[in-house]
Amino acid sequence: PLTGLAQETNVTSATILASTCAVADAYATACMAMGFEGAKAMLEATSGIEGYLTYISDDKEAATFSTEGFQEQMKGNTSE
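Okay, so the sequence shown: first residue is 1 according to my numbering, each after it adds one.
It cannot be assumed that every hint is accurate.
What the hints assert, rightly or not - Calculated cross-link-like contacts (lysine to any residue; reagent style SDA-like; alpha-carbon spacing at most 25 Å): (1) Lys60 / Met32; (2) Lys40 / Cys21; (3) Lys60 / Glu8; (4) Lys75 / Tyr52; (5) Lys75 / Leu17; (6) Lys75 / Lys60; (7) Lys40 / Met74; (8) Lys60 / Glu44; (9) Lys40 / Glu8.
None of these hints come from the bench; they were simulated from the model.
These numbers were taken from a predicted model, which means no experiment stands behind them.
Given these sequences and hints, build the entire structure.
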(Lines of atoms letter the chains of each structure in order from A and count residues from 1; the text may use other names and numbers.)
(Lines give C-alpha, C1' and ligand atoms only; values in the text may rest on other atoms or scores of the structure.)
Protein backbone atom coordinates (compact mmCIF):
# COMPACT_ATOMS: atom_id res chain seq x y z
CA PRO A 1 0.00 0.00 0.00
CA LEU A 2 2.86 2.42 0.61
CA THR A 3 4.27 2.14 -2.92
CA GLY A 4 1.04 1.76 -4.88
CA LEU A 5 2.55 -1.24 -6.68
CA ALA A 6 0.87 -4.63 -6.95
CA GLN A 7 2.01 -7.42 -4.62
CA GLU A 8 4.02 -10.03 -6.52
CA THR A 9 3.50 -13.69 -5.53
CA ASN A 10 3.73 -17.08 -7.17
CA VAL A 11 -0.08 -17.52 -7.26
CA THR A 12 -1.36 -16.82 -10.76
CA SER A 13 -5.07 -17.42 -10.10
CA ALA A 14 -7.39 -18.32 -7.23
CA THR A 15 -10.89 -19.75 -7.57
CA ILE A 16 -12.81 -19.94 -4.31
CA LEU A 17 -16.13 -21.59 -3.44
CA ALA A 18 -17.85 -19.97 -0.45
CA SER A 19 -21.29 -19.19 0.93
CA THR A 20 -21.42 -15.75 -0.72
CA CYS A 21 -19.71 -13.98 -3.57
CA ALA A 22 -18.25 -11.36 -1.21
CA VAL A 23 -16.64 -14.03 0.98
CA ALA A 24 -15.26 -15.86 -2.06
CA ASP A 25 -13.83 -12.61 -3.45
CA ALA A 26 -12.16 -11.76 -0.14
CA TYR A 27 -10.53 -15.18 0.16
CA ALA A 28 -9.44 -15.15 -3.49
CA THR A 29 -7.79 -11.76 -2.99
CA ALA A 30 -6.07 -13.01 0.17
CA CYS A 31 -4.80 -16.12 -1.67
CA MET A 32 -3.38 -13.99 -4.46
CA ALA A 33 -1.58 -11.73 -1.97
CA MET A 34 -0.16 -14.32 0.42
CA GLY A 35 1.51 -16.67 -2.06
CA PHE A 36 1.02 -20.39 -2.60
CA GLU A 37 2.24 -21.82 0.72
CA GLY A 38 0.23 -19.36 2.79
CA ALA A 39 -2.86 -19.72 0.62
CA LYS A 40 -2.69 -23.52 0.73
CA ALA A 41 -2.35 -23.52 4.52
CA MET A 42 -5.26 -21.11 4.90
CA LEU A 43 -7.54 -23.12 2.59
CA GLU A 44 -6.74 -26.38 4.38
CA ALA A 45 -7.38 -24.80 7.80
CA THR A 46 -10.62 -22.92 6.99
CA SER A 47 -13.93 -24.77 7.01
CA GLY A 48 -16.61 -23.71 4.56
CA ILE A 49 -14.08 -22.46 2.00
CA GLU A 50 -12.85 -24.55 -0.92
CA GLY A 51 -10.33 -23.50 -3.50
CA TYR A 52 -8.38 -24.11 -6.68
CA LEU A 53 -5.04 -22.35 -7.16
CA THR A 54 -2.70 -22.06 -10.10
CA TYR A 55 0.84 -21.05 -9.26
CA ILE A 56 4.46 -21.09 -10.34
CA SER A 57 6.40 -23.78 -8.46
CA ASP A 58 9.91 -23.41 -7.05
CA ASP A 59 11.30 -25.01 -10.22
CA LYS A 60 9.49 -22.34 -12.31
CA GLU A 61 6.84 -24.72 -13.67
CA ALA A 62 3.09 -24.03 -13.81
CA ALA A 63 1.28 -26.08 -11.18
CA THR A 64 -2.17 -26.44 -9.60
CA PHE A 65 -3.62 -27.22 -6.18
CA SER A 66 -7.21 -27.85 -5.16
CA THR A 67 -8.81 -28.73 -1.86
CA GLU A 68 -10.61 -32.05 -1.54
CA GLY A 69 -13.93 -30.22 -1.19
CA PHE A 70 -13.32 -28.32 -4.42
CA GLN A 71 -12.61 -31.58 -6.24
CA GLU A 72 -15.82 -33.11 -4.84
CA GLN A 73 -17.87 -30.08 -5.91
CA MET A 74 -16.50 -30.29 -9.44
CA LYS A 75 -17.37 -34.00 -9.71
CA GLY A 76 -20.99 -33.13 -8.99
CA ASN A 77 -21.13 -30.30 -11.57
CA THR A 78 -20.53 -32.10 -14.84
CA SER A 79 -22.77 -31.39 -17.82
CA GLU A 80 -23.86 -34.06 -20.25
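Worksheet entry | Structure versus earlier hints - violations, ascending order | 6
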